[in-house]
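Residues per chain are reported as follows:
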Amino acid sequence: MTHIDETPTGVRAEDVPGDGLDARLVVARGAFRLDVALTARPGEVVALLGPNGAGKTTALRALAGLSPLTGGHLRLDGAELDRTPPEARPVGVVFQDYLLFPHLSALDNVAFGPRCQGATKAEARAQAAEWLARMGLADHAGAKPRRLSGGQAQRVALARALATRPRLLLLDEPLAALDARTRLEVRAQLRRHLAEFEAVAVLVTHDPLDAMVLADRLVVVEHGRVVQEGAPADIARRPRTDYIAQLVGLNLYRGQAEGHRVRLEAGPAVATTEELSGPAFVAFPPSAVTLYRDRPAGSSARNLWRCEVAGLETHGDQIRADLTGELALAADLTTVAAAELDLHPGAEVWATVKATQTHAYPA
Amino acid sequence: MKTVARADEAGAVTPQRGSRRRRAVPGVPLPLLVPALVGLAFLLLPLLALLIRAPWRDLPDQLTSTAVWQALQLSLVSATAATAVSLVLGVPLAWLLARTDFPGRGVVRALVTLPLVLPPVVGGVALLLALGRNGVVGQWLDSWFGITLPFTTAGVVVAEAFVAMPFLVISVEGTLRAADPRYEEAATTLGASRFTAFRRVTLPLIAPGIAAGAVLAWARALGEFGATITFAGNFPGRTQTMPLAVYLALQDDPAAAIALSLVLLAVSIAVLAGLRDRWMTASS
Chain A
61 MTHIDETPTG VRAEDVPGDG LDARLVVARG AFRLDVALTA RPGEVVALLG
111 PNGAGKTTAL RALAGLSPLT GGHLRLDGAE LDRTPPEARP VGVVFQDYLL
161 FPHLSALDNV AFGPRCQGAT KAEARAQAAE WLARMGLADH AGAKPRRLSG
211 GQAQRVALAR ALATRPRLLL LDEPLAALDA RTRLEVRAQL RRHLAEFEAV
261 AVLVTHDPLD AMVLADRLVV VEHGRVVQEG APADIARRPR TDYIAQLVGL
311 NLYRGQAEGH RVRLEAGPAV ATTEELSGPA FVAFPPSAVT LYRDRPAGSS
361 ARNLWRCEVA GLETHGDQIR ADLTGELALA ADLTTVAAAE LDLHPGAEVW
411 ATVKATQTHA YPA
Chain B
41 MKTVARADEA GAVTPQRGSR RRRAVPGVPL PLLVPALVGL AFLLLPLLAL
91 LIRAPWRDLP DQLTSTAVWQ ALQLSLVSAT AATAVSLVLG VPLAWLLART
141 DFPGRGVVRA LVTLPLVLPP VVGGVALLLA LGRNGVVGQW LDSWFGITLP
191 FTTAGVVVAE AFVAMPFLVI SVEGTLRAAD PRYEEAATTL GASRFTAFRR
241 VTLPLIAPGI AAGAVLAWAR ALGEFGATIT FAGNFPGRTQ TMPLAVYLAL
291 QDDPAAAIAL SLVLLAVSIA VLAGLRDRWM TASS
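Residue numbers (the working numbering), protein chains in the order written: chain A, 61 to 423; chain B, 41 to 324.
Rather than coming from a laboratory, the hints here were simulated on the basis of the structure.
Any given hint could turn out to be false.
Stated by the list, open to error - To give an idea of the chain A side of the interface with chain B (calculated C-beta under 7 angstroms), a few residues:
(1) Asn112
(2) Ala124
(3) Leu126
(4) Leu129
(5) Pro146
(6) Glu147
(7) Leu159
(8) Phe161
(9) His163
(10) Phe172
(11) Gly173
(12) Cys176
(13) Thr224
What the hints assert, rightly or not - Here are some chain B residues the structure puts well away from chain A; computed CB gaps all over 12 angstroms:
(14) Leu80
(15) Leu91
(16) Leu116
(17) Thr192
(18) Val241
(19) Leu243
(20) Leu245
Since this is a predicted model, take the numbers as computed values, not measurements.
Where a beta carbon is used, it is the ideal one built from N, C-alpha and C, also for glycine.
The whole structure should be built from the sequences, with the hints applied where relevant.
As structure tokens, then:
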């Protein structure tokens, strides 16, 4: 339906002053090639969002210096870091499973960084105690990592990374290791800590909600390349790939706009309210789709397609129908409606979408 | 951590195993059962004989004689020193083998393990050719520093370390391979050099493996015979360790030999007990 857009859009290097992050990360490993341009101003939180295997973690490891760059450049606050070993980079990392040193207490885990930077044992511990207090963990300073809950361990890991006073904070799937309930709470705390952080923060996630809540700007990576970049709200409203459309729950098509209609590459045309010409995307939510078993007579909807039910699944209190046929689309309907329509895989249906419910934008 | 997991596993299957075994024993085929029992007897009988023929009444006198004390003391000191040498040289070697990738690593690893299978006497001869007074390196040690190793207590330590160090290296390397290298990465992102990361993070994490390797190496050094007698000779009080003393005593004072053997047996059992969690539960 859509193909990957090869030119990243949004904020580019020239818009960003010397301060902050300016990187083009090229890492070639066998058949896989990562080539991602990434810029961020101090105080900005950027999320690298993408499916598994897109190269997000590779990008993060390259930023930290744990994997060498095979090309491109990496500048942080004007300083070249391409060849700097990880221990000499002003970069802090919160790892996905935190990697708290199991033989050290929470306090000594956090004091580890300051110690390595030359602080005396007493100074390092004093700083660590301060960080733990800021994270609300003063009571757990003496606890070994295995006695901390997931949320506490996450905060210790954050404190440990921040205690080195990094100019670039990297977070690898910071909430992935938590259960759903803790996640909500930790996400809110993390958002607060990231907002206070004055340097650049880059987080890697495959969860669009984490990305949208935590980040000021999203950089969507697929197959090692940036496919879309921008503010979370823009990306949610105007997805440019199937992956993002699915993440934000939209049906997305690409085609040629001719006035108030977009002729799709997939076949039929979609009537829209926007007036455009040239290559365009058109998107609509599954809830905008109405289904009929018989061809609706006198329906005002101009978008009418004959489809077949390929699959059904429950989605909260809704049923999501996967349709194939003239146009492949997802439709949401209530359980009652699904029962009345006697929907089952293989059933033939007519799908309509009002033009006012669609959203077209230039590709 | 690994030991705990193993212990848990073993604990979890025990009841099942017990009931299965009770049912299974009558069904064990004779061609397996008979050799198994003969094998068991073969392994246990000599130890039993040692206990049966032990001069229990004279034992206190035997064990307090100066000759025995000298040999025991020398054995303990030299085995401990050899273990220390093995630790200082062997742990870094194990790290190199486990954590770095260099051309010919497989060959180096094979060479490191060679003393495990090499007849110790051959090791002793090789040590003489290398570190003897006219040896490849030994002649320089002698003429530049006036250091002579063969037929000295230091020579005993060298011979024992040569034979024992591979045990430590193999054990530590295995532990290192099982340990998550990302802890070292986490340490470097916190500003630790690779050596600091090793010292402050990796070393504490692999301490149990190092301890087990050290005990193995120590036990091997304590029992070392061939390389020691070839390289260091057999001088009471200087290079005559327990195994050498046992062998010598057997010719003119068998009772003393048995007494000395009992001491070594006791030490071996103590070592086994110390390694119980690591080795015995792993195999059960």
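* Violated constraints from the hint list, given by number and in increasing order -> Violated: hints 1, 4, 18, 19 and 20.
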